[in-house]
Each structure stands twice: as structure tokens, then as C-alpha cells.
Amino acid sequence: MTGGYGAGRFSRGIAWATVLYLVLPITIVLPVSLTDQRFLSLPQEALSLRHYANIFASPAWLAAIGQSFGLAVVSTLLAVAAGTLCAIGCWRLSRRASDLVRVLMLLPLIIPSIVYAVGLYRWFGKLDLLDRFLGVALAHAVTGIPYVVITVSAALAAFDPRLEQAARGMGASLGQTLRWVILPRIAPGIASGAIFAFIHSWDELVMVLFITSRQVFTLPRKMWDGINENLDPTMAAVAMLLVVFTLGLLWLDGALRRKRAA
Amino acid sequence: MRRDLGWWALLLPAFLMMTVLYIAPIVQVLAISVTEPQLGLGNYDRLLTNAGVQRVILTTLRIGLLTTGIALLLGYALAYVIALARPAAQRWWLLGVLLPLWISVLVRAFAWVTLLRRQGLVNQGLQASGLIDAPLPLVWNEFGVVVGMVHYMVPYAVLPMLASMREIDSRLLAAARGLGASRGTVFGRVFLPLSLPGVVAAGVLVFIFSLGFYITPAILGGGKTLMAAEWIKLQILDLVRWGMGAMLATVLVAAILATLAVFSRVVDLRRLFGARA
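Protein sequence lines correspond, in order, to chains U and S.
Heads up: the first sequence at position 187 corresponds to 187 in the working numbering, and the numbers run straight through without jumps.
If you want the working numbering, it's the 1-based position in the second sequence plus 1000.
Excised from the complex, chain S in its bound form:
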């Protein structure tokens, strides 16, 4: 143990920074939710009585689930094609997945606004081609939010699923084919079941990221489609209702930790978050 003392000391700077500058502020949020405006669970009472909060939670869950579902579908097809591609082709596909991941989220939201707004390029194109007479409402509503969020989440869906698909022994697929199974049967009876852990991991990751997402929904929702993160910002910066904002923030963290806890039996969390880099 004494011999290890020096190694423990190496953890110290990060540990101190983390506790003083990260954990402490977050614990404070939890504390505010039960102490302001007065001590007690009054803020949490609003979860049952306040229609505004309930609507925000429902919107957040609905958009979160929708985003997760679509990102999983698109991501699965993409991961599947990448996993079965030749190594040289894999590199190009991966580039297409990883590039958007690192492009600033503001740049991406800006690009979507440019494309989707009333005088945007999509509406102009559709009108010029005579397909529509009046511009379609493509942004500053729930549709725009989902388009932008799925765009953000697909790479996060692809990476865990691809990691799990790469572990599938290709000889199993060849054997199934050799024994006379059709392509559909090989996929449905062999590949799909073996890739399911990756699908669950990807679903958990995308869902918890969606719940607390701020920038994209705020820009593409245009203030009309309120999700949890933007509602918290409104409470604290605009209405100065700290208790309510902190309450929903606490609920958000609790929901995320609960999701992780439920799925921690199926999903290796450290690997899930390590897969990103």
C-alpha cells in the first residue's frame, strides 16, 4: 500500500478538480430543488399539479423516444453495411459517420435552419420544381427538432452497434449460408440476435443524450417546442425561479441515472462511453 502512495497522488489533481468544480455545483442543484423557495418537496409537488411541467416532460420523452427509434433504425443499417464492407470501404464509411460527430453542433443547427426555414433552400427548391405551392413548415416545430436531433445522434447510435457487430464471428454467417439458410434467415436468426447487445447500448446512449439536449432543440424548436433543458434555462435565466429549474434538472439526472441502472446489466457502461473516442 505504501508503495502505491505515489500512484494515488497522481489521481489527486483530477480528483480535486472534479469534486470542487464539478460534483459540488451539481450537488448544489439537488439542494436548491428542495430548499428554494422554501424547505420541502414543494417543487416536486408541481410534477403532479402543474400542467406546464407535465407537458414539457411529455414532449421531452416523446421527442427522445422518436429520436432514439429513428437513429437506431438508420444507424443499424449503416453499422450493418460498414461491418460487412471490405476494410478499405469501411474507412470511407466511418469517415462519413465520424466527420459530422466532430463538427460544431452550432454549425449543424445553422445548416439545418438555412435548409429548412420558410425561405430556405428546401422550400425554394420544392416550389421552383412545382411540387408545392406554399412553403412547408419544416423548422421551428417538432419536425425540425427531430430532423436536427436524429442528425446529431446517428453517429452515437452507429458506434456501439458497429463495435458489437464486429465481434460477431463471420464463420457463423458462412456456416448458416452453407447449411442452406436464405439471406433473410441468416440475418433474422443469426446476425440480428447476436447484434442486439449493441442495439441496446446504442439505444441507451442516444436516449440519455436526447433527454438533456439543449442547443439543437432550442434553435430548431424556435421556442415553440419546449424540451426539458430549454425549460430549465427559461426558469433560471428568464423567470429566476431557481427551485423549479433545479427540480426539473434533478428529475433529468435521476431519469438518466435510472435508465443507466436498469440497463447496466446488459450494457458495459465504461465501454459505452469509451467507445466515443
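Bound conformation, chain U alone:
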């Protein structure tokens, strides 16, 4: 968009300041994580990796990382399975018929997680799912469905419905059509949805604060305690690892999107 009209100096100034405000504070985590001191500070005399070594020597941190990873994998699988089928159903059915379902699938993005967490605390008490791996996995899966529905719907929007009709017309069953015609075409969209559902579970804290206590102790829960109790450079090292991990996942998503576009 140009045509003799571009952004002026004033708006460019604010835009630059805003981007720096968005990005710079996060980068502070790197030098702090490499400090040679015992407290949160910039490195004084030398760079040190000892706070990273602390994480890998600590059974508590490793257990939390392992548990978060397991939860994220299980809840992502559930969310991807349910969300993908739902998006395909909504796509094929008339807009009016499936409108209610579409709105329903967006609710977890609209309703604050604190409200859901309060309800879960009571509901899971009845179902005996409090402080259980399965309970957290289910809660994260349900709230991860919207991300999958959104990305898969976007992928389906670019899919020619005549391919599906042709397959059915030549006698393919619904299952065969899904397996051989639809799913291969939208696989990159599903992968994107899976990545976002994974990040959602991996980062989720509010529900975990309500429905877990000792048996399930995730990485965000451990970080939350760390921030509220003892602010030490180990936290910065964990934060740095998380940033690198998230950047890796986003890079993967970008690579998949480029592949889809090609």
C-alpha cells in the first residue's frame, strides 16, 4: 500500500518504540540467566552456565518439565483428534446448521480461564479427577480445541469441495474420503493447530492452580512458585529455555506454513 502515501515520522517513532517495548524486556532474560551471581542481576565479572546446570541437576525441575511435556502431548492428541473432525464436519455441513457448534468451540477463548478453573475445581471433585494427570490432560484438551478448529478451518477454506464430492461419487466411504482425500490435503493446517494446542497446554497455569496440588506439578506451576517465593537466577535460566523452546515451535510452524503455501 503506497501510492504516494506512507507513514509519517511521528507514527514510525511510536511504532518503533512499541516494538522495542514488546521485544526488549523479554531479551533481558538472557543476560540475567548467564549471571555469575547468586541473585538476579546482570553478569558482574564473567558469564556462567551454572544456573542452567542447576536446572538439570534438580529432580524437581526435571520432573516438572517431564510432567508438563507429557500433559502437553496427551492433551494435544485429544484436542487435535476432536478439533479436526469437528472442523471438517462444520465445513461440510451448511453454515446455518453448524453455527451453534462453531460458536460453542470458540467459548474457551472468550470466557476467562479463572471462571472455568473455579467450575473445574468443583466438577472434577465430583468426578474424582482432582490432582490427576488425566484430569489436567482433559481440561487442557478441551480448552485446546479452539486453536485446532481455527487453524484446520482456515486450511479447509482453501480446499476444493469438489474433490470430496468426486471421491464420494466414485463410491468412497466417508472414512476413505477422510483418510485419502481430505486429511492429506489439510495436514499442514492440522500440524499448525497441534503446535498451538501444545503451546497452550505447556504454558497453562490458571486451571493447574485450581485442580492440582502435589501429584501433578507442572512447569508453569513451579515457575509460579519460583516467582512468588524465591526470585533467583535459576528462574531466568528456565525462562530462557522456555523462550528458546517456544521460538523453535514457532519456527516449525512457519516452516509448515511455507510448505503449505508452496
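Hints in this document: simulated from the structure, not taken from any laboratory.
Every value quoted in this text rests on a predicted model; they were computed, and no experiment measured them.
Backbone N, C-alpha and C define an ideal beta-carbon position, used for all residues, glycine too.
Among the clues, some could well be false.
Said to hold, decoys possible - Here chain S is said to cover these stretches of chain U; the calculated rule only asks that three of the stretch's residues, wherever they fall, bring their Cβ under 8 Å from a Cβ of chain S:
1. 19-29
2. 80-94
3. 98-107
4. 110-121
5. 129-143
Stated by the list, open to error - FRET-style restraints, in silico, Cβ to Cβ:
6. V1262/S - R50/U: 49 to 59 Å
7. A1254/S - D99/U: 16 to 26 Å
8. D1133/S - L42/U: 19 to 29 Å
9. Q165/U - V1262/S: 33 to 43 Å
10. Q176/U - L1016/S: 22 to 32 Å
11. F39/U - V1200/S: 39 to 49 Å
12. V1266/S - D131/U: 37 to 47 Å
13. V1266/S - Q176/U: 39 to 49 Å
14. S1170/S - R50/U: 48 to 58 Å
15. A158/U - Q1124/S: 45 to 55 Å
16. L62/U - K1224/S: 30 to 40 Å
17. R1055/S - L163/U: 52 to 62 Å
18. K126/U - D1133/S: 49 to 59 Å
Put chain S on the given structure of chain U with help from the hints.
The following block gives chain S in isolation, referenced to the frame of chain U:
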């Protein structure tokens, strides 16, 4: 209709999970708010009589509006520059907006605490440079909460506004320039009015996210600046007053749905939430 049966069956797993594991717990919250400690609207009475609840609601609204206002201003300038940039530059700008969006909210809150606390890097820097004698109170108060919340919300403000700005026909701007309008006039009379739907959408999105926000206000408010979500957590986990917690949770949901309903004429909700991915 029979032919469609198989397609309807595809909706079933998600629909069941959603109703049994999502809708049911939330309906239960609404139910608790009128049944505990006893049946009736007693909990809602406190909205009129209890100064503590009123203060929390006012704080939540004040911080929510302030956050929305600042995020819209910063986000508008950013979206404006991105929309008018060349495609190659757009990609870099967008990276700067989207990266923070996906970085863990805990990591971001931690970074802000590191920077803003009394012995934090900002205070150290300012003291070392001689600008201030004593550390400034930058965090564990309302200032810190707003800084952290705006930081979280700016990307959500940028995306809907950028989407709406990208739909503006650039020939209109060129035509206005060609007809002799100054840059300021082109912006004020052509660009700004055409981008307003995006501004409203962004405002709604940021405001409803702000109302129910928990983690950032809880960490950066340090227990002194209480917003709705943290107050609900206190009622239920610490004071075990289910009725009161559920009441404010219901009010929160009602406020969010009411905001969406009011603006649904102007804003395409599905697009608004789809814009995120």
C-alpha cells in the same frame, strides 16, 4: 439429511467433550452463585452493599479501560506503520508483534519483575546515572500491572486493526493526495474513518481479555492491586467462600458477554477470534 448423518457424527467427539468437560463446569459456577451459602440472590446483594467487592470491580474496570486505551494507541501506530510498509518490511514488523504473543505469560511477567522491582535493572540504571536518589516504586502496584498488561495486550490490539487497515483501498489514499489533500487530511478524513471498525474490534478484544486476566496482575500487582480474577481465586482457594467467588465469576462472564453483544453489530466475532491464529 440422512446423507449428512456421517458428517454430523464428526462433530460428536468435540461436542461431547465441550458439553461434559467445559459447559457443565461453567454452568455449575452460575448455579453455585445462587445456591451457596443459601438459595437466593444473597451473593448478588453484596454487589450493592459490600465495599470490598465494589472496590475490586472499580479497580478491574479502571485498569481494563486504561490498558485498552494505551494498547489501542500504541497498537494503532504500529498497525498503521505495518499496513503502509513494503511487504519485506511488513514481515519483520509482524515478527516483532507475534513473537511476544507466543512467549509464556509467566516468562514475560518474570522479565518485568526483574526489570522493575526495587533492586531491579531499571532502578539500578537510573540510580547509577544519577537521575534518581531513591528507587522508584515501579512494580507491585497499579503502575506495574498496567505496564505488564499493556505489554500482553498490544499484539491482540494490532492484529484486528491491521486486518481492517489492509482492506483499505490504497487508491483512495493516492486519489486524496492527488486531489491536493495534505498528509494530515488524508489520514484524518480517509484512513482513520475507514480503519475504525478494526479499532472497535481491537478495543472489544483487549477489554474483555483484560477483565478476566489473572496471571500478570497477580504477579505484578503483588497482592495490593486486586483485580476480579485474583479476588475470585482468593474467595475460593483461601477463604472458601464459594458463593461470593462464583457470584463475581458470573458477573465477569455476564459483563464479557454483554460487551460482545453490544458490539456484535459492529464486529464480526468469529473473525475477531479467528484472527488470532
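These are the hints, each one checked on the structure:
1. 19-29: holds (count 8)
2. 80-94: holds (count 10)
3. 98-107: holds (count 8)
4. 110-121: holds (count 11)
5. 129-143: holds (count 5)
6. V1262/S - R50/U: 49 to 59 Å: Cβ of V1262/S to Cβ of R50/U: about 55 Å, so the range 49 to 59 Å holds.
7. A1254/S - D99/U: 16 to 26 Å: holds, 22 Å
8. D1133/S - L42/U: 19 to 29 Å: Once the Cβ atoms are compared, 22 Å apart, the range 19 to 29 Å for L42/U and D1133/S holds.
9. Q165/U - V1262/S: 33 to 43 Å: holds, 41 Å
10. Q176/U - L1016/S: 22 to 32 Å: holds, 25 Å
11. F39/U - V1200/S: 39 to 49 Å: holds, 46 Å
12. V1266/S - D131/U: 37 to 47 Å: Since the Cβ atoms of V1266/S and D131/U sit about 44 Å apart, the hinted range of 37 to 47 Å holds.
13. V1266/S - Q176/U: 39 to 49 Å: Check passed, 45 Å falls within 39 to 49 Å.
14. S1170/S - R50/U: 48 to 58 Å: holds, 55 Å
15. A158/U - Q1124/S: 45 to 55 Å: holds, 52 Å
16. L62/U - K1224/S: 30 to 40 Å: holds, 35 Å
17. R1055/S - L163/U: 52 to 62 Å: holds, 59 Å
18. K126/U - D1133/S: 49 to 59 Å: Holds, since K126/U and D1133/S (Cβ atoms, about 58 Å apart) stay within the stated range.
Hint compliance for this structure: no hint is broken.
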